[in-house]
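Protein chains: 2
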Amino acid sequence: MRRSERLIRMTKWLVTLPNTPVSLSDLSEHLSAAKSSLSEDVAIIRHTLESEGSGTIATIQGAGGGVKYQVRVPQDATLRFLDDMAAKLKDPSRILPGGFLYMSDILGDPDVLDFVGQLFAQAFYHSAVNVVVTIETKGIPLAVAVARYLHVPVVIVRREHRVTEGAAVSVHYVSGSERRIQPMSISKRAMPSHAKALIVDDFMRAGATAKAVMNLLSEFSAEVAGTAVLMSTMEPQQKLISDYLSLFTVGTLKEGQQIQVIPTGGTWNEKD
Amino acid sequence: MRRSERLIRMTKWLVTLPNTPVSLSDLSEHLSAAKSSLSEDVAIIRHTLESEGSGTIATIQGAGGGVKYQVRVPQDATLRFLDDMAAKLKDPSRILPGGFLYMSDILGDPDVLDFVGQLFAQAFYHSAVNVVVTIETKGIPLAVAVARYLHVPVVIVRREHRVTEGAAVSVHYVSGSERRIQPMSISKRAMPSHAKALIVDDFMRAGATAKAVMNLLSEFSAEVAGTAVLMSTMEPQQKLISDYLSLFTVGTLKEGQQIQVIPTGGTWNEKD
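Quick mapping for you: the protein sequence lines, in order, are chains V and Y. Each number in this note's numbering corresponds to the 1-based position in the first sequence with 143 added. Each number in this note's numbering corresponds to the 1-based position in the second sequence with 143 added.
These are calculated hints, taken from the structure and not from any lab test. Please note: incorrect hints may appear among the correct ones.
It does not matter which identical chain is meant; a pair holds if it fits inside one copy or across any two.
Below, in silico cross-link-like pairs of lysine-lysine (DSS-like), each with a Cα-Cα straight-line distance of 27 Å or less [unchecked claim]: (1) K331 to K178; (2) K339 to K382; (3) K397 to K331; (4) K397 to K339; (5) K354 to K178; (6) K233 to K331; (7) K231 to K331; (8) K382 to K211; (9) K178 to K233.
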């Protein structure tokens, strides 16, 4: 096989499976090439992605020895994305009765999901997260996109305990927006042991839901690496959780008025 | 830029955005290369992916002219995946009270989601699907994975009409497993006009839910390109919908008994 073909195959393999360790032995077998040639190829791919600012190839030490691709989002692409999204989110026709923001179209858009998945994953690669936790329903697509780039399972917190979940652990909490006591539960079997969780959701107001998910996770002795949301509100300024990342901050929503949307996610890379 | 670097960058770009048209002008600008060199590069990438059986680069005719990557899953990888999954699904501890099958772990596994996403997308590339529709909750991750490879939005059918969805269209249906009348609704604004929908779900018994989603979609004058589920049951043999793809067929579930799981998705490529 010519080097150019090998580089294409390797790039395709690595990019298709972000954050997934691949052993040099597997690559060597699959590409019928000596490990020494593969090491050179890996160096070329790493150099190319890094010079473009669009990813890196991490080396895994240990018995087999291997590599894995981790995504990086160039700063200018992030800023362009945040500006475009802010413009979309400001559309006054998005304000729904009761001061809610219509976001279902955005939360189902494959380009938005993939881009935010990359941004959130990038911010948490260093945290050794082994599960993404979200609460049904609207945040699930985002959580799946993030989990793909982190290469970890996604666990869905259910609002009702369903028969198909098997045994579950439940807590009650006071929902911020609806001001009523609600249950939430996680299937016992779905949670990995020694879980280190990233909580992902679409929207955060006071943070009551995220706080409740944290309480629920503590029942599993899970560690919470962080919380990442697409959008949070300016009010209340004092949230119930202290540590979260939010791509956008939105002002109070009133029908017929301008929507204030501030991109707050542009400086994330510095968190690494 | 050397050709090897250009091939890596292009492969990375195309593979990251499946089924997404990229114009040669954009590539030319981004890679600082003449369109003629890029055409040669595209030919090399196409040839490499096709000879591996892992994808292709389709050419888009018309004004700008461009290319897009479409995934292909090699037949041997499909068979290996189906065998592995069948073995996992047969685990008798998966049987829940009431004859339900525990699948939440599988439905949250990033490798399963990505692989099934590729398989389902491959089967429907030729159908010009422009939206993936699923019903909350368990099927959403699968739907997101498929929508990513088809590069179309995902629309979630809600069991209750929520304020955050805006105006919605609702229907009622008789749930097969629970034998009661239930509502389901789709946000009007979330559906594309002239929709051609692929319905994706995790599990199908008689097909009452899929049938109801079809009825709901007909309220939007949407065309249904097909229905794809991870798993369907042997009984009832006669489903309420006639045309669906199912990766696995499962026998009657009784606690303490062997689970019969038959991989039925291995011959899909012939459907194209």
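Taking the hints in turn, this is what the structure says about them:
Proximity of K331 to K178 under the C-alpha cut-off of 27 Å is found in neither arrangement, the shortest distances being 42 Å within a copy and 55 Å between copies. Only within a single protomer do K339 and K382 lie at most 27 Å apart by alpha-carbon distance; the minimum there is 22 Å, versus 42 Å between protomers. For a Cα distance limit of 27 Å, the shortest separation of K397 from K331 across copies, 22 Å, qualifies, whereas the shortest one inside one copy, 41 Å, does not. With identical chains, the CA atoms of K397 and K339 are never at most 27 Å apart, being 38 Å at best within one copy and 35 Å at best between copies.
Taking CA atoms no more than 27 Å apart as the test, K354 paired with K178 passes in neither setting, with 48 Å inside one copy and 53 Å between copies. Proximity of K233 to K331 under the C-alpha cut-off of 27 Å is restricted to the inter-copy arrangement: shortest distance 20 Å between copies versus 40 Å within a copy. In the homo-oligomer, the alpha carbons of K231 and K331 lie at most 27 Å apart only across protomers (18 Å), although the nearest pairing inside one protomer, at 39 Å, exceeds that limit. Taking the shortest Cα distances, K382 and K211 never come within 27 Å of each other, neither inside one copy (37 Å) nor across copies (44 Å).
Taking the shortest alpha-carbon separations for K178 and K233, neither the intra-copy value of 53 Å nor the inter-copy value of 38 Å comes in at or below 27 Å.
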